[in-house]
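Protein sequences, first through last, are from chains A and B. Residue numbering for the first sequence follows my numbering, beginning at 1 and increasing consecutively. Residue numbering for the second sequence follows my numbering, beginning at 256 and increasing consecutively.
Hint data in this document are derived by calculation from the structure and do not stem from the laboratory. Don't take each hint at face value.
[Said to hold, decoys possible] DMTMM-like mimics (lysine to aspartate or glutamate), calculated; alpha carbons at most 20 Å apart, straight line:
1) B/LYS335 - B/ASP354
2) B/LYS335 - B/ASP294
3) B/LYS332 - B/GLU386
4) B/LYS309 - A/GLU192
5) B/LYS309 - A/GLU117
6) B/LYS299 - B/ASP352
[As the list claims (entries may be wrong)] Beta-carbon label-pair distances, calculated as ranges:
7) B/ASN347 - A/ILE31: 48 to 56 Å
8) A/THR251 - B/LEU394: 26 to 34 Å
9) B/PHE274 - A/ILE132: 38 to 46 Å
Ideal placement from N, C-alpha and C gives every residue a C-beta, glycine not left out.
Chain by chain, the residues:
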Amino acid sequence: MTILRELLQSFLTFLERVGLLARFALQLLVITPAGLLRVRPIIEQVYNTGALSLVIIMTCGLFVGMVLGLQGYDLLTRFGSEEYLGTATAISLLRELGPVVTALLFAGRAGTALAAELGLMRATDQIAAMEIMAVDPMRRVVLPRFLGGVIAMPLLVSIFVVVGLFGAQLVGVEFFGVDSGSFWSQMRSSVELSDVREGLIKGVVFGIACSLIAVYEGYNALPTAEGVGRATTRTVVISAVVTLILDYILTALML
Amino acid sequence: MRSTRTIDISTGLFVLLGFAAILFMVTQITNREFSLTSDSYRLKASFENIGGLKPGAPVSMAGVTVGRVEDITYDMKLLKALVTLRIDGRYNAIPNDSDASIFTAGLLGGQYVALSPGGSEEAFKNGDQVEFVQDAVVLENLISKYLFDSAAKKSEAAPASAPAPAAQE
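Generate the whole structure from the sequences, applying the supplied hints.
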């Protein structure tokens, strides 16, 4: 009986959190048009979430591409069709690996930074101080961070994909001697514009989801050292799970 | 906090890099050799069987992509598959007795429509019907044809030997 009650309780807590998150998202949506006009803080946040994530995104993109080149080459030589290596890597990077891995890295690199920053602002009463001064912390602090993440994410995805392709080219063409002409021309003849569109749409959606979760968790963190730590952890965990669930839904929608 | 100038420069660099990557994806990776211009025109062709032809498949002449399959529907009057081809405006002098066939690109490749030019002086116009068509080759039909042919040959051979036991009676 107590187990049932506990389950019911945790289910209700889950519902409550979803409801709170939805309300938070709506609040952000309402103030977004006005917030877009204040360019300065958004640029700062694009720098924070995007430009500072560039090195890790490029490194990981390179290695993911190289692994794809290696695995793809090994698999495709069994069928004697190495020339499809370009197609295989391009499609898997554009449609799946690019957006998903970038979103996971984004949650780990930028999402945690956002959550910890906002959580610390909450813990050190900076947010309360703003409210006292009649400055809306949602407009002033939360919105630019959210928008910065949303803008940075598709750009990061594109950079990841392109760097990954060159990684695959490095392994396939330079190391294993796949013909460079067929690598690129096969890719060009079978990759459609809709594949690029799918990747970019996923990038935007994951950007919205990960940034929203990060600012929500940070903004609503318990004002203690432990609370900030927990908010950071939750950001990564929830972002990763939501990204993968959304990925399935988006793929099913766009296939 | 670093100076705003550094932030601006690196943000600008990041955004430029991002857009360069998008541009690269759109122009270098995807198939942009052939994009339909606005002065393209449509042709129709009715096939008994289109096999695995899909909308978006290329229409080629002598291996050069000249258009795309725009739409595939089933015509209830003719009881045939009605394929709408969209041909690029640059190729506006295709003889109107050209024939359309459905071929498979490579062993595992997708199917495409090949136009081979006829000898007519007149060119196809928008909305014209391609009169001469050749259906997709369906592997199962080929196999069953081969099987039935060899069965028929056997039964042709059989009557010759059949009378022998009958004569014994």
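Violations among the numbered hints: 2 and 5
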